[in-house]
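Undergrad: Listed here are the chains, written in short residue letters.
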Amino acid sequence: TQLLEQSPQFLSIQEGENLTVYCNSSSVFSSLQWYRQEPGEGPVLLVTVVTGGEVKKLKRLTFQFGDARKDSSLHITAAQPGDTGLYLCAGARSSNTGKLIFGQGTTLQVKP
Amino acid sequence: ETGVTQTPRHLVMGMTNKKSLKCEQHLGHNAMYWYKQSAKKPLELMFVYNFKEQTENNSVPSRFSPECPNSSHLFLHLHTLQPEDSALYLCASSQGPGQGISGRRNEQYFGPGTRLTVT
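Chains Y and A are the protein sequences, given in the same order. The working numbering puts the first residue of the first sequence at 1, with every later residue one more than the last. The working numbering puts the first residue of the second sequence at 1, with every later residue one more than the last.
Check before you lean on any hint, since a few could be wrong.
[To be verified] Examples of chain Y residues lying across from chain A (beta carbon under 7 Å, computed): (1) T48; (2) G52; (3) Q64; (4) A92.
These are computed hints drawn from the structure, not numbers from a lab. The beta-carbon is built from N, C-alpha and C at its ideal position, and this holds for glycine as well.
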């Protein structure tokens, strides 16, 4: 079974703190995406990483793809209450099927 | 606004009812997906359609019947559901096999979901 393990599953922090969410697998992925989902809504795509070792930044969010393309991390600097939500990583084994394997998600709560 | 719409947003139905969920994408994509999201469970892929053809049925019970009349529309027909089928049903679309830039081909764009409650 192809699994993507996310950690931690739950995180509650104060505004201004930094945090890192991890997404790990024993499988190699052709690409990996990160999504954020707010209650009652669908996941929204944040970023796609494709190349091993790739780092992408989106304002205070930094995404990294592992060198072996088996893992990824999301780092948030100076978290804001607006960052609250469910963060999902999803990996594609093939670049041509469209099928994604989703992690179980990390629920982040940022308190003012 | 992701370019993917779903109706209805909320649905309450009895176990003997028949209802349908609708999804429409305005992104020019060729692949569409149905997912089920239950509390404390990962997203479960149900069906995949590429160029209107079903390419994956992830062992979904026959009380869920998908329909894809064209690349922009996807339906999920529901009948004789069980209370455990209550969940958020999400539709998504992507460029499709062999389309666009390889690294971005798997990017999926989700609708807001239909919150289904089976009583």
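Undergrad: Please write out, lowest number first, the hints stated earlier that are contradicted by the structure.
TA: 2, 3
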